[in-house]
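Participant: What follows is the residue order along each chain.
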Amino acid sequence: MIHKVITKNEFKKFVDGLIEENQTFGPKQVDKRADGSGIYQFKEVNSYDDMDLDYTVTYSSVKNFFLPFREELSSFDFSDKGWDQTVEYRVNPRVIIGVRPCDINALNILDKILIGGAYPSPYYMARRTNTFLVGMDHEPLDDCFCESLGHDTVHRGFNLFCTDIGDKYYLTISSSKAFGFLKNVKVADPVNGDSVKFHERRKYLRDSFKTKVEVAGLPSVLDIEFKSPVWKKWGDKCLNCGTCAMVCPTCYCYGIEETIDVNLKSSRKERVQYSCNLVDFAEVAGGHNFRPLKEDRLKYRFYHHYRGFAQNADDPICVGCNRCGRACLARINPKDVISDLQMED
Amino acid sequence: MIQKTNMKINVHHLTRVEGHGNINVTVRDGKLVDARWEVVETPRFFEAILRGKPHDLAPTLTSRICGICSIGHTLASLRAVERAMDVEVPKNAQLLRLLAKHGETIQSHVLHVFFLAAPDLLNVDSVIPLIQSHPAVVGVAVRLKGLGNDLCDLAAGRTTHPVSLVVGGLSKAPKKKELQAMRQRLQERLADVATAVEVFKGLALPDFVRETEFVALKGESSYPWIGGDLVSTDGVVKSEDDYLAMTNEYKEDFTTSKFTKLSRESFAAGALARFNNNYEFLCKEAKETAEMLGLAPVNHNPYMNNVAQLIEIQHVMVESVEIIDELLAADLDDVCAEYEVKAGQGVGAVEVPRGILYHDYTIDDQGSITKANCIIPTTQNNANIHHDLPELVTQQIELGKSDEEVTKLCEMLVRAYDPCISCSVH
Amino acid sequence: MKYLGIDPQKVRVGVFDFTGCEGCELQLANKEDSLLDFLSLLEVVNFREVSSDRGDDYDVALIEGNISRADEIDRLKDIRAKAKVLVAIGSCACFGGVNQQKNRFELDDVVKEVYGDHKVETDKVKRIADVVKVDLEIPGCPVSKEEVERIVVNVVLGAEIKIPKYPVCVECKQKVNTCVVDLGQICLGPVTRAGCDAVCPSGKVGCLGCRGPAEDANFESLKQILMDKGHSDSAIVERLRFYGAFNGTVG
Amino acid sequence: MDYRLPKQDINTEPFMRQSPRYNRKDVFMRTDKAYKCEITNIVELTPTEKLFHLKILSDQERRIFEFRPGQFVMLEVPGFGEVPISLSSSSNNSEYVELCVRKSGRTTNMLHRAKTGAKLGIRGPFGTSFPMEKMAGHNILLVAGGLGLAPLRAPINWVSEYRDEYKDVHILYGTKDPDQMLFTYQYEEWQKVDHIKLLTIVEKANKDWNGRTGMITDLFKDIDIKPDDTFAIVCGPPVMFKFVCDHLDGLGIPMNRMFVSLERRMHCGMGKCCRCMVGSTFTCVDGPVFDYWSVLNLKEAI
Ligand SMILES: Cc1cc2nc3c(=O)[nH]c(=O)nc-3n(C[C@H](O)[C@H](O)[C@H](O)COP(=O)(O)OP(=O)(O)OC[C@H]3O[C@@H](n4cnc5c(N)ncnc54)[C@H](O)[C@@H]3O)c2cc1C
Ligand code: SF4
Ligand code: SF4
Ligand code: SF4
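Protein chains in written order, with our numbering: chain L, 228 to 572; chain E, 1474 to 1899; chain D, 343 to 593; chain Y, 12 to 313.
So here's chain L without its partners, still in its complex pose:
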């Protein structure tokens, strides 16, 4: 890991350079809520000024650049006698700018699951390795709780990370590509003052978290509270709309759909992002549903997030961005559900 500093002016040049040469995505305000607050998403951008880099947090996460909502896994071409299967996982290289630490940590968790396991996903890998990721820190929102989960800072999983230290960015460079690109602009080695500012900034950010969630011991709390009435309380509110999983940076459960084209000559096999909150997630042929009730399904999402699954060494996969809590119309959010559960104890 190499550290450098860059003035904000030079940084702008650097970013415009990246944008010029590559397909680039960055945070953009797309709407205003009824209450006046901005709604941001990662969108394709054409210049540095196109972006709202001082955004708070995007409504949907960057996950979907790596796990698209709908992705063709393969296609079949039929002939009278048989078929041919084509598998493609090439993606065009692209740049994403302004990704928050918790979002990068979320990608690291996905890496562990989708690349680290016994069956690495080539589709995910192709997207991950062909994305140049520029991270950037930010002041937390009132309801962010990534600090509680240790995901407020990030050490790997990006090409370049920028920490705002006033008139300069303190750069953490963790890929040769980033190092090479930075040769195009003026960067300097950090002097002592820069490092002091960097640490101050870190501390300031850490101290800014207003929402804390007690996560120690959560796996066993969840195991013990498997039959808790808390689930019904929240389950009754749940719309089972899947919004939480769709915006979540780590939810990765999916379904497969196969569709035959209208000409009957070919078909497509697609991976479709799913959610354990959706009614037929665990329904099997013949109609038996292993999780028939709203509360069963809601509980299950919490179970996955805080209890962890074997693939992920039983670690929580929640990074504490509270996107689900913000997006949920029913105001179901991790902090309240978890504290309810802990009260049960």
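A few of these clues could be false.
To be verified - To be clear about the criterion: a stretch of chain E counts as covered by chain D if any three or more of its residues have a C-beta under 8 Å from a C-beta of chain D, and this derived list gives those stretches:
1) 1515–1523
2) 1594–1601
3) 1654–1662
Quick caveat, the hints were computed from the structure, so don't treat them as lab data.
Bear in mind the structure is a predicted one, so any value in this text is a computation, not a measurement.
Backbone N, C-alpha and C fix where the C-beta goes; we use that ideal spot for every residue, glycine too.
Following the hints, complete the assembly by docking chains E, D and Y with the ligands onto the known chain L.
Facilitator: Showing chains E, D and Y with the ligands alone in chain L's frame:
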């Protein structure tokens, strides 16, 4: 030539038109006894349902009056609401609405000219056999119709029952990139129009003339589509708000659709009426096409409505390119005006593919509709069809035409008006 | 599918319209890029809106619109007797659609409002399933051509048809739309069956539920959420009753 | 100035700590591209179940494909779907695999209409297997309910082939009615040639049935079970295996010597789609074969 003495034509649920209608003709001893156009469509009573509706749901609701000209209904409804409450619609929203309107005109006219009318001219039952016999023509039709639909999708969110046309403007504007791509497609597809014109040059339309009054919106500086004064070829001019004096609805017992009249016993609206009243505003290319196809104002052959439609397709395609150019130069971030709910009454007149459509609402101070009236172009044309029929049959029996020939000409006559029957019985 | 040793069977269809706007029928002729392929899967033996051919030998009858006059009942029963499979297409056929809003008024009153003293025959609006047995319902106002295509392909191949059980929000999120509830609107997406690709929310207007209820939909919760956001009960109910799809679940 | 990213970068970035275990393309293919096979034979077992013989077409792929009793494959019917199906044949049969499939939904209905010669795809094998070697030297109790005989047939084949290594072998098989009995043509061979004792029972008899009627546990009365020297494999619907295992537990067979095969909805077979989760356990990679003790420890397993 043998004089036909007796003839009975009874077309039950005429095909290749939207909705249900019957043609009944009786000729006895060489004399026409009765010739009528009966609309038997089941009425849906939209005006009654509209009472008590929140004003912002009215466009969504009335869109469902007609599946073919749903954008037209939405726009007329919006215009009525907006004029009742004095809502100022931003310029760019107006342009986008017009673009959606043009998409609908293309889609609807193509459907009529190629899918519904052309089979008669080529002596087949439907467009389906033409896929094999006239692939080039079908190709043109499918591409142009696709273009119209995509233009609607782009400007209004969906072609049948638009989604983003809302009171005050548009809930969402298309992206400039998409507009740019559409502009290119519009220009490329003009070649298809040229092909269609070539095909039409070779087809003979029935030669039938009946002196008719034609009613349309009056263009001021351009071919008219949304709002403005009302004119007729008999010299009547009235304001939009005075639409009742332009339509004079009445009810006959044999039909579920109402009838209308103006200076004569009936009048015609639609592409030919617009052409006859606003020829001067057509673009250069469209005028050339008109000349090539032998259409000049004022033309009194109802079958020429098909030709007028083809000319309009070309005109709106050219105009759409101009609109897109204007939009590309504009800022499309805000295309919806805020407005205050207030009581009032408003009329919206819109030229939809088949003629002038009027919506008229009275709204209370809660923003709910208390009274509604909608007058549909096909309602206006129904009387004219009804009065064309005896004239056509009389002329044809004088020429000694067979039952089949007369039946076909009657059917083609009704189709020429491109009636939207379920719409007329809304 | 040839590779399985199964021959696709062209379906002989009749398309019939009752009280409605014919927008759903129109969809059959839309989606131009695959229209010719689509038509090659069918043998259209009766489709008054586009063809003068009036055959009686259809296997599948597609029914658009609802029933609002006595003669329609007879016509529908006749079609049912001839068809092997009867499919209700569109919200009008499946739920009564916008036309069922008439049922909130007295019949005499609606006739008088529109026709004055003229007599016009009309009945309360009925769904197709209220009159005859329906084998398959394809909701939507209008139906989505993609869905119709998918269903027809499966019918031709004799494969089971799957339609989403989850609500519109899923598709809406997948399109990375801004939630219109956040913008202050009422949206029925959370309780409405997906399959429309969230067209309405994608156009930034709230879903009105034309596709009917999603499975295990949570009406109480949605109503509570919307009321908490300041929407009136009547505004919510007005929307729930718009297409008649939720008449069984709301008062 | 150059900011252009390389066209394609299949190698990992150094910042990713988890370097992939496999990053060679041909290895990916095994999980994402199906082995193409041909249906060489179809045996109609009952009105709703058919046995398909599938031959992997490529010699090389056929050689790679090895499995153990209890494992399953993802069977691809292109255009219609991909479904998990237990391998029902002998793991020593390297010529073709046998899959016994019930007609129960979109994919399996189409499969039932397929003719000999049709091409399908399989991925796998996936999942855990029955510990056949560990069971050697002991009595074996194989209990199946309904379609449960399909996954059980692989261990049956194993036991037949290595018959000397096992002591007493019993198959207890129960179905709702006699028509649903699978593999009836093999019963004689199992009993006469392989010296496996087979007991069958149905819940509802018909006029042709002169065997026993009742619940599967009724059969336990007829055999002598030595709890400390017996391994059991139980396959069937959850209610059935719970019933049987609890009964065996009562008899004193340790829970970690009873094995069951779980069934959940699956879309990948690789521990990714999460559809098959039971509590925090993947049925596809941690199962489908579990010992009964583990099953009791799984949340929402039964
Ligand atoms: C480990 C395992 C072994 C199995 N072995 C056999 C066997 O040997 N023989 C047999 O007939 N059946 C077996 N099944 C069940 C079989 O997988 C289902 O019957 C089949 O998936 C139904 O698919 P469908 O498309 O016909 O049904 P649909 O209801 O149309 O299913 C749609 C999709 O849901 C999933 N799904 C639905 N039901 C199940 C289910 N019960 N299990 C897993 N996924 C499901 C599949 O991905 C399927 O494509 C096994 C299941 C598992 C998990
Ligand atoms: S928790 Fe909220 S966002 Fe998630 S499914 Fe339930 S209602 Fe939807
Ligand atoms: S706009 Fe409607 S459909 Fe979309 S997420 Fe919000 S509530 Fe759901
Ligand atoms: S969003 Fe709702 S109203 Fe709109 S098409 Fe879909 S289901 Fe119908």
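Participant: Output the indices of the hints that this structure fails to meet, ascending.
Facilitator: When the structure is compared with the hints, only number 3 turns out to be violated.
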